[in-house]
Amino acid sequence: MSKLLEVNNLSISFTQYVQGLNRHDSKVITDLTIDVDEGEIVAILGSSGSGKSLLAHSILGILPYNSHVAGEIRYEGQVLDQELKEKLRGDEICLIPQSVNFLDPLMKVSEQAIGECKDENEHKEKKLRQREIFDKYGLDESVDDLYPFELSGGMARKVLLSTALVGNPKLLIADEPTPGLDAKSVKETIEDIRNLKEDGKGVLLITHEIDVALKTADRIAIFYSGYVIEINNVENFKNSENVLHPYSKALIDSLPRNGFNLTEGVQPLDEVSGCPYYENCPIRLDKCEKNKPELIDHKGIMIRCFNFEEVNNGT
Amino acid sequence: MSETPWYNRGLFSTLNLRQKTLLTIALTGLVLVVIFLCGTFIDANLPTDFTARMKPPSFEHIFGTDWMGRDMFIRTIKGLSLSIVIGIGASIISSIIATLLAFLASFNRYCDEFVSWLIDLFASIPHILLIMMISIALGKGAFGVIMAVAFSHWVNLTRVLRAEVLQINTSEYVALSRKFGRSKLWIAKEHILPLVLSQIFVGTLLVFPHAIMHESSVTFLGFGLSPHEPAIGIILSESMSYLAMGAWWLAFFPGLALLIVVLLFDIIGDNLKRLFDPSEANN
Amino acid sequence: MIKINNKKLAKFLGFKAIRLLILLIVIAAISFIMIQLSPIDPVKAYLGQRIVSQEQLAIVGEYWGTNLSLGERVFGWLSTLASGSMGFSLIFRVPVTEVIMQKFTASLTLMVVSWLISAVVGFGLGVLAGAKEGTWIDKAIKTYCYILQSTPTFWIGLVLLMVFSVYLGWFPIGLSVPIGQLSDTVTFWQWLYRLILPAITLSIVGIASLTMFTRDKLINVKKSDYFLFAQARGESFWGIIKNHGIRNILLPAITIQFMSFNELFGGTILVEQVFAYPGIGQATVAAGLRSDVPLLLGIVIISTIFVFVGNLIADMVYQYVDPRLRGEDDE
Numbered sequence: 018m019s020k021l022l023e024v025n026n027l028s029i030s031f032t033q034y035v036q037g038l039n040r041h042d043s044k045v046i047t048d049l050t051i052d053v054d055e056g057e058i059v060a061i062l063g064s065s066g067s068g069k070s071l072l073a074h075s076i077l078g079i080l081p082y083n084s085h086v087a088g089e090i091r092y093e094g095q096v097l098d099q100e101l102k103e104k105l106r107g108d109e110i111c112l113i114p115q116s117v118n119f120l121d122p123l124m125k126v127s128e129q130a131i132g133e134c135k136d137e138n139e140h141k142e143k144k145l146r147q148r149e150i151f152d153k154y155g156l157d158e159s160v161d162d163l164y165p166f167e168l169s170g171g172m173a174r175k176v177l178l179s180t181a182l183v184g185n186p187k188l189l190i191a192d193e194p195t196p197g198l199d200a201k202s203v204k205e206t207i208e209d210i211r212n213l214k215e216d217g218k219g220v221l222l223i224t225h226e227i228d229v230a231l232k233t234a235d236r237i238a239i240f241y242s243g244y245v246i247e248i249n250n251v252e253n254f255k256n257s258e259n260v261l262h263p264y265s266k267a268l269i270d271s272l273p274r275n276g277f278n279l280t281e282g283v284q285p286l287d288e289v290s291g292c293p294y295y296e297n298c299p300i301r302l303d304k305c306e307k308n309k310p311e312l313i314d315h316k317g318i319m320i321r322c323f324n325f326e327e328v329n330n331g332t
Numbered sequence: 004m005s006e007t008p009w010y011n012r013g014l015f016s017t018l019n020l021r022q023k024t025l026l027t028i029a030l031t032g033l034v035l036v037v038i039f040l041c042g043t044f045i046d047a048n049l050p051t052d053f054t055a056r057m058k059p060p061s062f063e064h065i066f067g068t069d070w071m072g073r074d075m076f077i078r079t080i081k082g083l084s085l086s087i088v089i090g091i092g093a094s095i096i097s098s099i100i101a102t103l104l105a106f107l108a109s110f111n112r113y114c115d116e117f118v119s120w121l122i123d124l125f126a127s128i129p130h131i132l133l134i135m136m137i138s139i140a141l142g143k144g145a146f147g148v149i150m151a152v153a154f155s156h157w158v159n160l161t162r163v164l165r166a167e168v169l170q171i172n173t174s175e176y177v178a179l180s181r182k183f184g185r186s187k188l189w190i191a192k193e194h195i196l197p198l199v200l201s202q203i204f205v206g207t208l209l210v211f212p213h214a215i216m217h218e219s220s221v222t223f224l225g226f227g228l229s230p231h232e233p234a235i236g237i238i239l240s241e242s243m244s245y246l247a248m249g250a251w252w253l254a255f256f257p258g259l260a261l262l263i264v265v266l267l268f269d270i271i272g273d274n275l276k277r278l279f280d281p282s283e284a285n286n
Numbered sequence: 104m105i106k107i108n109n110k111k112l113a114k115f116l117g118f119k120a121i122r123l124l125i126l127l128i129v130i131a132a133i134s135f136i137m138i139q140l141s142p143i144d145p146v147k148a149y150l151g152q153r154i155v156s157q158e159q160l161a162i163v164g165e166y167w168g169t170n171l172s173l174g175e176r177v178f179g180w181l182s183t184l185a186s187g188s189m190g191f192s193l194i195f196r197v198p199v200t201e202v203i204m205q206k207f208t209a210s211l212t213l214m215v216v217s218w219l220i221s222a223v224v225g226f227g228l229g230v231l232a233g234a235k236e237g238t239w240i241d242k243a244i245k246t247y248c249y250i251l252q253s254t255p256t257f258w259i260g261l262v263l264l265m266v267f268s269v270y271l272g273w274f275p276i277g278l279s280v281p282i283g284q285l286s287d288t289v290t291f292w293q294w295l296y297r298l299i300l301p302a303i304t305l306s307i308v309g310i311a312s313l314t315m316f317t318r319d320k321l322i323n324v325k326k327s328d329y330f331l332f333a334q335a336r337g338e339s340f341w342g343i344i345k346n347h348g349i350r351n352i353l354l355p356a357i358t359i360q361f362m363s364f365n366e367l368f369g370g371t372i373l374v375e376q377v378f379a380y381p382g383i384g385q386a387t388v389a390a391g392l393r394s395d396v397p398l399l400l401g402i403v404i405i406s407t408i409f410v411f412v413g414n415l416i417a418d419m420v421y422q423y424v425d426p427r428l429r430g431e432d433d434e
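Protein chains in written order, with our numbering: chain A, 18 to 332; chain B, 4 to 286; chain C, 104 to 434.
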């Protein structure tokens with residue numbers, strides 16, 4: 018049976034004008050491959066501002082005009098083209114946005130959870146569903162008439178989650194659901210997302226917080242400089258022995274000191290001809306400088322590193 | 004650059020956006036310089052030809068002739084040239100005022116409040132009325148109208164510069180300079196002025212179209228240049244008397260020419276702004 | 104729906120009233136001094152080409168107060184103002200207040216009509232251009248606005264006059280009231296008929312700036328996170344424009360339209376001159392050209408109030424309609 022979501026070799030780049038009006042093409046995501054199954058939570062872990070959100074935008078078909086996309090996305094085996102994206106988004110595929118900024122500042126939150134309706138009947142129906150979900154998350158009726166700016170941090174997060182659930186989706190994309198939240202709210206968020214899994218929904222979690230990814234996901238994809246360099250099961254992340262990529266190892270080793278956060282680091286900004294991690298890699302090979310490793314399957318772990326390619330070929 | 008994107012195909016397909024912007028600026032600038040130079044070589048006392056009075060446009064007189072048989076095309080060019088001179092004068096003076104006030108505002112809190120108050124004050128009277136009043140106070144004429152336009156057009160640039168200066172003033176190197184005991188004047192001259200120079204330059208150019216338009220408007224109303232001057236405002240105000248007779252060319256062409264000149268200045272200003280601030284080009 | 108906090112409103116209006124008062128005193132004093140400093144001799148400008156004797160000159164001069172010091176004259180003028188009088192118009196030979204009342208009412212109709220036209224058309228075009236950003240519709244609207252913003256108001260008036268009045272003969276060439284008819288016997292239709300061209304001219308200029316403003320605001324909304332999210336939720340494009348776009352740009356657009364009273368008044372002066380519309384604009388020009396100082400100063404004051412009221416309404420719209428500001432109680 019086909020997976021709920023499959024992303025194959027997705028690349029996204031932008032054309033921009035910089036000082037003096039010179040054209041500049043920048044590649045944000047390169048050759049990204051990932052999949053999510055029903056009842057599974059897959060986390061994409063990468064430093065903030067590295068462009069991981071664009072994966073979500075690409076799945077939902079809301080990338081800006083000056084972007085160029087290559088690769089393929091499949092939903093339940095079907096190629097997810099723009100037409101299908103527009104049909105499914107909001108119903109089967111829903112986004113849980115990262116902050117209250119994603120809500121219309123001048124619209125009452127209950128109306129936003131309900132969303133656009135064709136007629137009065139649909140509105141009534143959805144109003145009931147909205148109330149049900151708000152109740153589930155402990156938002157009483159007084160919250161319905163609030164504007165986004167009147168919500169507290171915890172309330173806002175619940176409202177944002179509710180907006181995604183009114184349509185009863187199969188796939189949820191949570192884009193940085195935790196930044197700026199206090200420890201208690203983070204814990205609740207993690208629980209809420211885990212509960213979605215129990216309901217059989219697939220969740221793609223995009224985050225820069227390792228701790229959140231570790232506590233929430235079943236599998237974690239490490240996103241580095243526009244590339245997915247490793248996809249591994251969450252259990253293997255408990256110990257740096259069990260992850261393969263040198264960057265993943267470094268990441269786990271640095272965990273306590275760095276306060277569970279991925280630092281900005283020195284990820285190359287310009288496109289490099291070889292492995293993106295070449296500069297910092299302790300186990301680099303000569304060919305890593307000029308050749309790009311592919312994402313390969315190494316005993317069930319997806320890894321982008323020449324070291325494992327050779328081992329793989331050898332066996 | 005591997006592939007030509009759709010928006011770069013066509014006439015200037017080999018140029019990138021930067022080159023296109025520079026080319027636009029150069030071409031429009033050239034047109035304006037030609038108009039200006041042509042105007043300066045035209046004698047203010049145009050030959051009158053009473054045998055060719057009130058002639059509609061023809062190959063001989065492409066803009067037609069007026070009631071004294073003067074060629075309207077030559078009158079228009081002369082008028083535009085005068086408008087450009089007045090526009091240059093007024094925009095430069097207004098930029099100087101704006102710069103001085105912006106620096107004054109950065110001096111201390113009271114100065115800043117005074118400048119804000121002055122901005123509010125000048126924005127509280129209708130523009131045209133303000134220009135009329137200043138022009139009357141200065142005895143009308145070229146001097147009056149240049150000053151009037153200059154003194155009514157500094158507001159926007161002052162706002163922009165004030166914010167900019169304020170921002171630079173809070174930067175670390177200015178704080179460092181202050182620690183070294185540099186005077187406020189020294190900091191303004193050495194640190195701030197070089198940084199806002201491009202904005203002053205663009206700001207001056209952006210005032211230009213408004214200056215020309217307002218000059219012709221107050222002249223049209225009778226509060227600007229004197230009726231003896233070959234100004235577009237005067238030409239258009241004269242044309243009012245002949246409109247009912249159907250002499251449409253007296254008003255149409257000079258006004259259109261003025262519109263084109265204003266538009267050209269607008270284009271230069273916008274393109275320069277984009278060159279200095281590329282964020283707009285990404286849209 | 105809108106709950107108004109009366110205490111807050113009273114405080115707000117009181118504060119604004121004091122500001123207006125200070126503003127008026129300063130404006131009145133400055134404009135008076137400016138006129139007094141003018142090298143244009145008010146007596147000569149007033150008398151024009153008429154030949155008068157020395158004695159007559161002295162009498163007129165005394166009327167103008169040319170024999171007093173500047174300070175005394177400023178003080179005199181301000182105290183007259185404080186007593187509620189703006190003096191006597193030299194051209195119309197009635198109190199300035201009366202002239203202004205009559206002329207301003209006539210202009211107000213013109214201004215309100217064109218203000219409403221430009222509001223509706225400008226907002227509509229702005230939404231259309233912003234929504235269709237980058238398409239030929241947007242480019243056409245943008246070009247139209249770009250050109251209009253570079254066009255002197257009075258020339259638009261002249262062109263419309265040439266096309267519709269002279270060439271097509273649909274409208275009269277000048278005069279708001281038919282010759283030989285008293286203004287109060289003019290029928291509504293006659294009046295409306297004469298209002299059309301000036302109102303259209305005046306609104307055309309307002310349309311351009313409002314359209315560009317609305318377009319930019321809508322494009323900003325389109326770049327916002329909530330617009331993106333609405334799209335991600337599968338809402339239809341025009342549904343989002345309606346539900347989120349217009350919802351978020353209507354208030355700033357209304358505000359900017361109220362803040363345009365400055366340009367509106369300026370435009371009226373030019374338009375009335377072109378169409379010989381007997382309103383405050385024509386009175387301004389006449390007062391300026393013929394040195395009717397009391398009237399001119401009166402007009403400066405009334406126009407300042409007019410602009411102030413526009414800004415005040417704009418302020419209030421924000422304070423009392425936007426839920427983000429409405430709820431704020433100032434302690």
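To be clear, the hints were calculated from the coordinates, so they are not data collected in a lab.
Where hints are given, some of them may not hold.
Claimed, not checked - In silico DSBU-like pairs for lysine-lysine, Cα to Cα no more than 30 Å straight-line:
1) A:Lys125 with C:Lys235
2) A:Lys143 with A:Lys125
3) A:Lys204 with A:Lys141
4) A:Lys104 with A:Lys20
5) C:Lys110 with A:Lys102
6) C:Lys114 with A:Lys44
7) C:Lys242 with A:Lys187
8) C:Lys111 with B:Lys276
9) C:Lys245 with A:Lys187
10) A:Lys135 with C:Lys325
11) B:Lys23 with C:Lys114
12) A:Lys44 with B:Lys192
13) C:Lys242 with A:Lys141
14) B:Lys276 with C:Lys245
15) A:Lys125 with C:Lys111
16) A:Lys44 with B:Lys23
Claimed, not checked - From chain B, some residues computed to sit far from chain C (all C-beta separations above 12 Å):
17) Tyr113
18) Arg181
19) Ser186
What the hints assert, rightly or not - A few chain A positions that, by computed beta-carbon distances, are all more than 10 Å from chain C:
20) Arg106
21) Asp121
22) Leu145
Here a beta-carbon is modelled for each residue, glycine too, at the ideal position from N, C-alpha and C.
Hint by hint, work out which the structure violates, then give me just those numbers in ascending order. Structure breaks hints 3, 5, 6, 7, 8, 9, 11, 12, 13, 20, 21.
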